[in-house]
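Q: Spelled out, the chains give:
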Amino acid sequence: MKQFTSNPFYKFILFPIGQILVFALGASLVLSLFTVLLAYIFRAGITGFDLVERVLLILPQVVINGLTIGFVYSTIALGYTMVYGVLEFINFSHSEIFMVGGIVGVELMAYFDHTGALQTMNQYVIIALAILLGMVISGSLAVTVERVAYRPLRGAPRLVPLISAIGMSFFLQDAVRLILSLTTGEFNVILPNFGTFDEFLVVAVPGIATPLRFQIKSILLVGVTVLMLVGLNYLVNGTKIGKAIRAVAQDRPSASLMGINVNMIISITFLIGGALGGAAGVLFALKATKLDPFVGFFPGLKAFTAAVLGGIGNLTGALLGGLILGLLESFSASYLSTFTNGAFGAEYKDILAFAILILVLILRPSGLLGQTVGQKA
Amino acid sequence: MGKLLELTNVHSYYGHIHALKGISLYVEEGEIVTLIGSNGAGKSTTLRTISGIIHAREGKVQLGGKDITHTEPHLVVGQGVGHVPEGRGIFPKLTVQENLDMGAFTVNDQKIIDDRAELVFELFPRLKERITQFGGTLSGGEQQMLAIGRGLMQNPRILMLDEPSMGLAPVLVDVIFDTIKKLNEQGTTILLVEQNALMALSIAHRGYVLQTGSIVLTDDAAKLKKNEMVQKTYLGID
Ligand SMILES: Nc1ncnc2c1ncn2[C@@H]1O[C@H](COP(=O)(O)OP(=O)(O)OP(=O)(O)O)[C@@H](O)[C@H]1O
Ligand SMILES: [Mg+2]
Chain D
10 MKQFTSNPFY
20 KFILFPIGQI
30 LVFALGASLV
40 LSLFTVLLAY
50 IFRAGITGFD
60 LVERVLLILP
70 QVVINGLTIG
80 FVYSTIALGY
90 TMVYGVLEFI
100 NFSHSEIFMV
110 GGIVGVELMA
120 YFDHTGALQT
130 MNQYVIIALA
140 ILLGMVISGS
150 LAVTVERVAY
160 RPLRGAPRLV
170 PLISAIGMSF
180 FLQDAVRLIL
190 SLTTGEFNVI
200 LPNFGTFDEF
210 LVVAVPGIAT
220 PLRFQIKSIL
230 LVGVTVLMLV
240 GLNYLVNGTK
250 IGKAIRAVAQ
260 DRPSASLMGI
270 NVNMIISITF
280 LIGGALGGAA
290 GVLFALKATK
300 LDPFVGFFPG
310 LKAFTAAVLG
320 GIGNLTGALL
330 GGLILGLLES
340 FSASYLSTFT
350 NGAFGAEYKD
360 ILAFAILILV
370 LILRPSGLLG
380 QTVGQKA
Chain G
250 MGKLLELTNV
260 HSYYGHIHAL
270 KGISLYVEEG
280 EIVTLIGSNG
290 AGKSTTLRTI
300 SGIIHAREGK
310 VQLGGKDITH
320 TEPHLVVGQG
330 VGHVPEGRGI
340 FPKLTVQENL
350 DMGAFTVNDQ
360 KIIDDRAELV
370 FELFPRLKER
380 ITQFGGTLSG
390 GEQQMLAIGR
400 GLMQNPRILM
410 LDEPSMGLAP
420 VLVDVIFDTI
430 KKLNEQGTTI
440 LLVEQNALMA
450 LSIAHRGYVL
460 QTGSIVLTDD
470 AAKLKKNEMV
480 QKTYLGID
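Heads up: the protein sequence lines correspond to chains D and G, in order.
Note that the working numbering has the first sequence beginning at 10, numbered continuously upward.
Note that the working numbering has the second sequence beginning at 250, numbered continuously upward.
Worth flagging that the hints you see were computed from the coordinates, not collected in a lab.
Just so you know, these numbers come straight off a predicted model, no measurement behind them.
Where hints are given, some of them may not hold.
What the hints assert, rightly or not - Computed spacing ranges between beta-carbons, pair by pair:
hint: 1; chain 1: D; residue 1: 169; chain 2: G; residue 2: 419; range: 37 to 43 angstroms
hint: 2; chain 1: G; residue 1: 264; chain 2: D; residue 2: 249; range: 31 to 37 angstroms
hint: 3; chain 1: D; residue 1: 184; chain 2: G; residue 2: 359; range: 45 to 51 angstroms
hint: 4; chain 1: D; residue 1: 126; chain 2: G; residue 2: 264; range: 57 to 63 angstroms
hint: 5; chain 1: G; residue 1: 346; chain 2: D; residue 2: 375; range: 26 to 32 angstroms
hint: 6; chain 1: D; residue 1: 160; chain 2: G; residue 2: 262; range: 55 to 61 angstroms
hint: 7; chain 1: G; residue 1: 324; chain 2: D; residue 2: 228; range: 44 to 50 angstroms
hint: 8; chain 1: G; residue 1: 270; chain 2: D; residue 2: 244; range: 30 to 36 angstroms
hint: 9; chain 1: G; residue 1: 364; chain 2: D; residue 2: 212; range: 54 to 60 angstroms
hint: 10; chain 1: D; residue 1: 26; chain 2: G; residue 2: 346; range: 56 to 62 angstroms
hint: 11; chain 1: D; residue 1: 247; chain 2: G; residue 2: 427; range: 21 to 27 angstroms
As the list claims (entries may be wrong) - SDA-like mimics (lysine to any residue), calculated; alpha carbons at most 20 angstroms apart, straight line:
hint: 12; chain 1: D; residue 1: 296; chain 2: D; residue 2: 203
hint: 13; chain 1: G; residue 1: 472; chain 2: G; residue 2: 485
hint: 14; chain 1: D; residue 1: 252; chain 2: D; residue 2: 22
hint: 15; chain 1: G; residue 1: 315; chain 2: G; residue 2: 258
hint: 16; chain 1: D; residue 1: 252; chain 2: G; residue 2: 462
hint: 17; chain 1: D; residue 1: 249; chain 2: G; residue 2: 380
hint: 18; chain 1: D; residue 1: 252; chain 2: G; residue 2: 344
hint: 19; chain 1: D; residue 1: 252; chain 2: G; residue 2: 359
hint: 20; chain 1: D; residue 1: 252; chain 2: G; residue 2: 383
hint: 21; chain 1: G; residue 1: 309; chain 2: G; residue 2: 486
hint: 22; chain 1: G; residue 1: 472; chain 2: G; residue 2: 277
hint: 23; chain 1: D; residue 1: 249; chain 2: G; residue 2: 361
hint: 24; chain 1: D; residue 1: 252; chain 2: G; residue 2: 486
hint: 25; chain 1: G; residue 1: 377; chain 2: G; residue 2: 350
Ideal Cβ positions, reconstructed from N, Cα and C, are used throughout, including at glycine.
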C-alpha cells in the first residue's frame, strides 16, 4: 500500500483528479437528493403542475451550471487561501487581480479580432494565449502589489495591511478604468464573438427524458481549471518550492533558518495565487462576455466566502468550498421560484446561498476542512 | 585557527527593550564555546542576532572576517551558520523526513542529503522509526532530536545550539553532548547555549557568562567551572 501511495502517478495525477471528482459529484448528489426530497414533501401542496417532475426536468442542467461557476470560485478561492495560509492575511485586492486577468484576456482577443487573426487562428490556441497572458499579467501584478503595498507593513498590526489591501482594491479598479478610458474611450470590454464556444455538446442519457447539454465554454472552463488544480497540487506537494511554501506557512523564522528565502517564497505564493486568479478571470470572461473594472467584486467576495467555507488556509477546502458555493447558487437561482410559486425569483439566490453558508459556519466555525496550507493537500 | 565568528560591541533591541548591551565575543575555528546565564540574560538573543533573525542596531557581527551584521538569515545560513533555535522550531505539519529535508534545503546533491540523513538516523534511531510521522506529533524529546538532526543536515561550519538538552531524559542528554563533542572532533565549530552549565562547561573549551545583556565574565571552561561566582550562581554549588 505504501508503495502504491508513494507512486508519483497516483499521488499527483490520480489522487487529485479523484478528489475533484468525488467533491464535484458528492456535492452535486447531496444537493440534488435534498432538493428532490423537498419536492416530494411539497408536491401535494402545489396544484397545477407536478413539482417533482419540474424539479427533475432541469436538474442536470442546474448541476452543470453550478459546477461550472463553482470551478471558477474554487480557482479564485485558491488565491485567497494560499496567501492566507502563508501570511495569515486576507488579500482583498485578489478580486481585482482576477478582474485584471479577465480584462487582459478579453483585450487580447479583441486585438486578435482587430488584426483578423481571430477568424483564422485555431480557437483553442487563442484561448490558451489569452489565459497565459492573463496568468502572466495577474501573477506579476499580484507580486508587485505584495511588494509595494503589503511587505512594508509586514510588522504592523493586522488591521493595517488589511486596510492597505482594500485601498489597493480601489486603486486597481480606478487604474484599470483610467487606462481603459484613455486607450479605448470606454471602460466596458466586450468579448468578440468567435469560434464554437457557445454551441452545446448534447449527450442523450438513457433513462433521462431531456438530453444533457454541455456548453463548449463550460467544458473548456472545467477542463482548464481541473488541469490547473492538478498542477497546483503537484507544485505544492511534489516540489522543493512547494515544501518551502509549506514550511514558511508553518514557521517563518524556522524556515529562514533552513536557508529558505522567506520573502521570495511569499512572492512565489502571490505569483501562483495571482496567476490562478488571472486564469479564472479569462475563463469567467468567456461566460460573462462583458467586463468592466468593477466586475471582480462579487466573484471575489464569493470566492473568499468559498475559501472560508472550506476552511481558510486549506487548499482542498478552497476547492470544495468553491464547488459547494457554485452549486448552492445555481440551485437557489433555478429552484427558488419553483418552490415558492414565483414569490421569490432567481434574484434572491444569494440570500439562500449565504443563509446556508452561515448555517454551515455556525456549525463548523473553522470551515468544512479547517486546517492550513502547511498541511498537505 | 582564526576567528570564525566575532561580535564586537553588539546592541540588539526588541522594540524598545534593550536586550543586548554591547556584547563582544568570538569563536575560533574548531572550538566549542558556551554561553551561560540565567533566564532572560540574552543568550537566545545573541544567537538570533548572529543568524540575522534580528539585526544588531549597533556594533558588528563578522563571519570569517566578513560583515554579516545586516545579512538576512537565509544568506547567513548559506554561509555555513547552523542555528538550532530554542523551542525547536519543528515544522509541525511536515513529516520527520520532510523536516530533515528542509534542513538540507541549501544542498542540491541528493547523495549528500541521503548520507547526512543516514548519519542523523545513526545518532537518533528513534527518528528513523518515525520517519513518516508529522513533526508536531512527536514527543518533546523526539522533537528536540529532530531539531538537532535537522541542524546537522545543513552540515554547517559553525553550529549554534540553543539549549539542546531541554526536555530530554538524562540518557539522551548524554547522547546529545557526546554528539556535540564528536561533531566538534570532526571539525564543526560549536556555539552552545545551555541551562545545564555544568555539562556545557565540561565539553566546552571556553565560555562566556551573560547577565542582563552584558558579558560579565569569560575564561577557559575549566577555569569557569572553578570560579566562585559561576559555581554559586549557575552550578548551584555553595
Ligand atoms: N520577541 C521578543 N520581544 C520582546 N522582548 C523579548 C523577545 N525575546 C526576548 N525578549 C527579551 O529579551 C531579553 C533576553 O531574552 P533571551 O530570550 O535572549 O534570554 P535567554 O538568555 O535566552 O533566556 P532563557 O534562558 O530563558 O532562554 C529578555 O528580557 C526577554 O524578555
Ligand atoms: Mg533562551
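Q: Please go over all the hints and tell whether each is borne out by the structure.
A: So, going through the hints one by one against the coordinates:
1. D:169 - G:419: 37 to 43 angstroms: Roughly 48 angstroms apart at Cβ, these two residues miss the hinted range, so it is violated.
2. G:264 - D:249: 31 to 37 angstroms: holds, 35 angstroms
3. D:184 - G:359: 45 to 51 angstroms: holds, 46 angstroms
4. D:126 - G:264: 57 to 63 angstroms: holds, 59 angstroms
5. G:346 - D:375: 26 to 32 angstroms: Because 28 angstroms falls inside the window, the suggested range holds.
6. D:160 - G:262: 55 to 61 angstroms: violated, 22 angstroms
7. G:324 - D:228: 44 to 50 angstroms: holds, 48 angstroms
8. G:270 - D:244: 30 to 36 angstroms: violated, 46 angstroms
9. G:364 - D:212: 54 to 60 angstroms: Distance hint for residue 364 of chain G, residue 212 of chain D holds at roughly 57 angstroms.
10. D:26 - G:346: 56 to 62 angstroms: The hint (56 to 62 angstroms, Cβ to Cβ) is violated, given that residue 26 of chain D and residue 346 of chain G are roughly 26 angstroms apart.
11. D:247 - G:427: 21 to 27 angstroms: violated, 38 angstroms
12. D:296 - D:203: Distance of about 13 angstroms is within 20 angstroms: holds.
13. G:472 - G:485: Distance ~16 angstroms between residue 472 of chain G and residue 485 of chain G Cα, so the pair holds.
14. D:252 - D:22: holds, 18 angstroms
15. G:315 - G:258: It holds: about 16 angstroms lies between the C-alpha atoms, which stays within 20 angstroms.
16. D:252 - G:462: violated, 37 angstroms
17. D:249 - G:380: holds, 18 angstroms
18. D:252 - G:344: Given that 20 angstroms is the threshold and the Cα spacing comes to 11 angstroms, the pair holds.
19. D:252 - G:359: holds, 16 angstroms
20. D:252 - G:383: At roughly 14 angstroms apart (the allowed maximum being 20 angstroms), residue 383 of chain G and residue 252 of chain D satisfy the hint.
21. G:309 - G:486: violated, 36 angstroms
22. G:472 - G:277: Cα-Cα ~18 angstroms, so holds.
23. D:249 - G:361: Holds, at about 16 angstroms.
24. D:252 - G:486: violated, 48 angstroms
25. G:377 - G:350: holds, 13 angstroms
Hint compliance for this structure: hints 1, 6, 8, 10, 11, 16, 21, 24 are not met, and every other hint is.
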